[in-house]
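2 protein chains.
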Amino acid sequence: MATISDVARVAGVSVSTVSYAINGSRPISEATRLRVFAAMDALSYQPHAMARGLASKRSRILGLHFPMEDRGLGFTELEFVVGAADTAFAGGYHLILSPLMSEQPRELLQLTQQGLVDGVILMEVLQDDPRVEALRALRFPFAMIGRCADNRGIDYVDTDFESTMSDAVCYLAALGHTSLAYITQSHQTFDSGYGPVVRTCATFTQTLLQHDIAGAIYFCGASAADGNAILRTIFEEQPAVTALLAMNDRALVGIVQGLDDLGYSLPADISLVTLVSSMRIGELFRPPVTTFAVPSSEMARLGVELLIDRLENPAHPIRQLLIPCTMVDQGSAAAPAHMHVVRV
Amino acid sequence: MATISDVARVAGVSVSTVSYAINGSRPISEATRLRVFAAMDALSYQPHAMARGLASKRSRILGLHFPMEDRGLGFTELEFVVGAADTAFAGGYHLILSPLMSEQPRELLQLTQQGLVDGVILMEVLQDDPRVEALRALRFPFAMIGRCADNRGIDYVDTDFESTMSDAVCYLAALGHTSLAYITQSHQTFDSGYGPVVRTCATFTQTLLQHDIAGAIYFCGASAADGNAILRTIFEEQPAVTALLAMNDRALVGIVQGLDDLGYSLPADISLVTLVSSMRIGELFRPPVTTFAVPSSEMARLGVELLIDRLENPAHPIRQLLIPCTMVDQGSAAAPAHMHVVRV
DNA sequence: TGGCTCCGTCGAAACGCTTCGATGCTCTCC
DNA sequence: GGAGAGCATCGAAGCGTTTCGACGGAGCCA
Numbered sequence: 003m004a005t006i007s008d009v010a011r012v013a014g015v016s017v018s019t020v021s022y023a024i025n026g027s028r029p030i031s032e033a034t035r036l037r038v039f040a041a042m043d044a045l046s047y048q049p050h051a052m053a054r055g056l057a058s059k060r061s062r063i064l065g066l067h068f069p070m071e072d073r074g075l076g077f078t079e080l081e082f083v084v085g086a087a088d089t090a091f092a093g094g095y096h097l098i099l100s101p102l103m104s105e106q107p108r109e110l111l112q113l114t115q116q117g118l119v120d121g122v123i124l125m126e127v128l129q130d131d132p133r134v135e136a137l138r139a140l141r142f143p144f145a146m147i148g149r150c151a152d153n154r155g156i157d158y159v160d161t162d163f164e165s166t167m168s169d170a171v172c173y174l175a176a177l178g179h180t181s182l183a184y185i186t187q188s189h190q191t192f193d194s195g196y197g198p199v200v201r202t203c204a205t206f207t208q209t210l211l212q213h214d215i216a217g218a219i220y221f222c223g224a225s226a227a228d229g230n231a232i233l234r235t236i237f238e239e240q241p242a243v244t245a246l247l248a249m250n251d252r253a254l255v256g257i258v259q260g261l262d263d264l265g266y267s268l269p270a271d272i273s274l275v276t277l278v279s280s281m282r283i284g285e286l287f288r289p290p291v292t293t294f295a296v297p298s299s300e301m302a303r304l305g306v307e308l309l310i311d312r313l314e315n316p317a318h319p320i321r322q323l324l325i326p327c328t329m330v331d332q333g334s335a336a337a338p339a340h341m342h343v344v345r346v
Numbered sequence: 003m004a005t006i007s008d009v010a011r012v013a014g015v016s017v018s019t020v021s022y023a024i025n026g027s028r029p030i031s032e033a034t035r036l037r038v039f040a041a042m043d044a045l046s047y048q049p050h051a052m053a054r055g056l057a058s059k060r061s062r063i064l065g066l067h068f069p070m071e072d073r074g075l076g077f078t079e080l081e082f083v084v085g086a087a088d089t090a091f092a093g094g095y096h097l098i099l100s101p102l103m104s105e106q107p108r109e110l111l112q113l114t115q116q117g118l119v120d121g122v123i124l125m126e127v128l129q130d131d132p133r134v135e136a137l138r139a140l141r142f143p144f145a146m147i148g149r150c151a152d153n154r155g156i157d158y159v160d161t162d163f164e165s166t167m168s169d170a171v172c173y174l175a176a177l178g179h180t181s182l183a184y185i186t187q188s189h190q191t192f193d194s195g196y197g198p199v200v201r202t203c204a205t206f207t208q209t210l211l212q213h214d215i216a217g218a219i220y221f222c223g224a225s226a227a228d229g230n231a232i233l234r235t236i237f238e239e240q241p242a243v244t245a246l247l248a249m250n251d252r253a254l255v256g257i258v259q260g261l262d263d264l265g266y267s268l269p270a271d272i273s274l275v276t277l278v279s280s281m282r283i284g285e286l287f288r289p290p291v292t293t294f295a296v297p298s299s300e301m302a303r304l305g306v307e308l309l310i311d312r313l314e315n316p317a318h319p320i321r322q323l324l325i326p327c328t329m330v331d332q333g334s335a336a337a338p339a340h341m342h343v344v345r346v
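Read top to bottom, the protein sequences are chains A and B. Residue 149 in the working numbering sits at position 147 of the first sequence; the count goes up by one each step and never skips. Residue 160 in the working numbering sits at position 158 of the second sequence; the count goes up by one each step and never skips.
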């Protein structure tokens, strides 16, 4: 409840001097600074965020924008949100959530035009994202967790889907697999241009060619039932398959169950790895599933840092970071069955 | 970028008239209102949040405070956060996250004293929570998702742990079980006075007495390994056990695995239900686990509504809501084995 | 027709901070 | 010893709203 002028009075200096002492925006003698700080905590003074924001035209609030659709929520999302809030806080910012159901930039514009947030972080970025257009047109500061087709002039941090997929395929190829199935997300997701799906599909195909092995992509909805169903499709269309790659956390249960139902055991009869999942997902199964784990917290941290840096040093060069997933071997992948046979 | 005085000029009225037209805080003639609104969207005017907050002393921002400790993050937490943000937005508010690692009220005070938030929502409330003391002393508006020992004068919404536990025990008793084990969270959690654990333990014991059946409580850490370990302890200490109740999502995997390892199958050899979990948890297993599911989104919504109502109608009576979990029967509980034998 | 009330509108004073220009002071150098 | 530079500090003008008191005009009743 104490205001800056109370502090000034107690410290015996002017209001502006207090302001300079707090913000360091002009040199202040050590003696004065000490008196000011003493007065501040005598009064347990807290600068008023709104007043500060109004005068300085900087709210020190960041917006986190993640549209939520049918993909739904998993562990990763929460890790992102929490990581982002933490980092923002550490940097002296606050984080506002705008979990808008649609991707329409309208409400986003509202948020930015109200002077509430200094910048926004975009999650779940599409290849061709209307939010990006809008923000760009407004010249409003933002950073992305994810990336789109044209990323010129945009700071972002994203999972390195290309290298992750390539790592995964190489890993399985090295184990001796020659017929892979990649279970990704829904066809609509692909068509909407959702980067993770688009990129991994491209890299999957490409890497297969490089290794000269067979494989196919299967689109799969976000439920256990979908996972279960796709499994049957796979075995029908591609009976020789020996290893499965999945990037669909919500269908994974169905896949694991389905394998068990069909009498396949991991990794003796078939290999399975999950891509771009939270560490915690793979642990949920029995046996646990080898995971190419997405470093959610780190990405969130980097995303926020990118944005804060942009706000505070607009002249810094653009930074675009790709973080590969790290493999956590949980034993659900091994050499294919025929290899065992050969060995015998 | 347009300000209220631009709008006033274009509409040919005074600044205060525009303000009244926007906020409805004084009667304005229909003709004038129309001109004002026309001017507003001609200029695509957005009121400046900081200026408004400063002048009105209401930021229209809510703080969501959830300390995160070893219990870690699950589906429920995210559902809370998202539900809260949605409801806040619908009510014309924004939601700020303060995921502070500690329960120390210091940073909370900072948040409130900066005039940044109009009110806060407390999650993960302890029986005797320092945050509650602090907020009370400040006469700062808040609502809780959860409750503490002394809830006088506090709006809250909480899971009805008592009725949920009692429902669960009754359900199992009705199936014919006479020896139960309740696997709850860690002993430290209990000792720290965490409401959900304290209350369910009390009710468990009480309900056993009412039904005159046997049972014991087992404290269990928040990992699959802990779940696995506790299972062995249970079978040693209570060999006659036929049904397990668990309120520990992170240990649940270990429990389910452990049962399988020991050759018990659900529900033929033993029954299992999980309490106060997200709907999504039970579905993750095979067979799925019968869940007394916590209505996270609804609770979040109610919590936010409680707070907003308190802010806008301070005179309204205090509301304290208990929401029972609803059972989702997934088939992991059935009559105990000896009953089958009897039938044969 | 004069005196009321009531309605719609206006002007100006906050709200608590930042920031710009100005001012005095001390120190240095010819 | 006086001009010049540099440092620490001050006063005041904003920032874009809300809100309070006031005011003019219309409508009513006596």
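Derived by calculation from the structure, the hints in this document are not laboratory data. Just so you know, not all the hints are guaranteed correct.
Put simply, identical chains are the same to the list, so a pair is met inside one copy or across any two.
Stated by the list, open to error - Subject to a maximum C-alpha distance of 20 angstroms in a straight line, what follows is the list of computed SDA-like cross-link-like pairs (lysine to any residue):
#1 K59 <-> I24
#2 K59 <-> S18
#3 K59 <-> A4
#4 K59 <-> F237
#5 K59 <-> I6
#6 K59 <-> Q116
#7 K59 <-> M3
#8 K59 <-> A176
#9 K59 <-> Y173
#10 K59 <-> D8
#11 K59 <-> F39
#12 K59 <-> R282
#13 K59 <-> R321
#14 K59 <-> Q48
#15 K59 <-> Y220
#16 K59 <-> C172
#17 K59 <-> S27
#18 K59 <-> L210
#19 K59 <-> P49
#20 K59 <-> C150
#21 K59 <-> L111
Do the hints match the structure? See the list:
| no. | hint | verdict |
| --- | --- | --- |
| 1 | K59 <-> I24 | within (17 angstroms within a copy, 23 angstroms between copies) |
| 2 | K59 <-> S18 | within (17 angstroms within a copy, 23 angstroms between copies) |
| 3 | K59 <-> A4 | between (22 angstroms within a copy, 14 angstroms between copies) |
| 4 | K59 <-> F237 | neither (60 angstroms within a copy, 64 angstroms between copies) |
| 5 | K59 <-> I6 | both (18 angstroms within a copy, 16 angstroms between copies) |
| 6 | K59 <-> Q116 | both (11 angstroms within a copy, 17 angstroms between copies) |
| 7 | K59 <-> M3 | between (22 angstroms within a copy, 12 angstroms between copies) |
| 8 | K59 <-> A176 | neither (56 angstroms within a copy, 65 angstroms between copies) |
| 9 | K59 <-> Y173 | neither (52 angstroms within a copy, 59 angstroms between copies) |
| 10 | K59 <-> D8 | between (23 angstroms within a copy, 19 angstroms between copies) |
| 11 | K59 <-> F39 | neither (24 angstroms within a copy, 26 angstroms between copies) |
| 12 | K59 <-> R282 | neither (41 angstroms within a copy, 43 angstroms between copies) |
| 13 | K59 <-> R321 | neither (25 angstroms within a copy, 39 angstroms between copies) |
| 14 | K59 <-> Q48 | both (18 angstroms within a copy, 15 angstroms between copies) |
| 15 | K59 <-> Y220 | neither (50 angstroms within a copy, 55 angstroms between copies) |
| 16 | K59 <-> C172 | neither (51 angstroms within a copy, 60 angstroms between copies) |
| 17 | K59 <-> S27 | within (15 angstroms within a copy, 27 angstroms between copies) |
| 18 | K59 <-> L210 | neither (53 angstroms within a copy, 62 angstroms between copies) |
| 19 | K59 <-> P49 | both (15 angstroms within a copy, 14 angstroms between copies) |
| 20 | K59 <-> C150 | neither (30 angstroms within a copy, 40 angstroms between copies) |
| 21 | K59 <-> L111 | within (17 angstroms within a copy, 24 angstroms between copies) |
Checked against the numbered hints above, the structure violates hints 4, 8, 9, 11, 12, 13, 15, 16, 18, 20; every other hint is satisfied.
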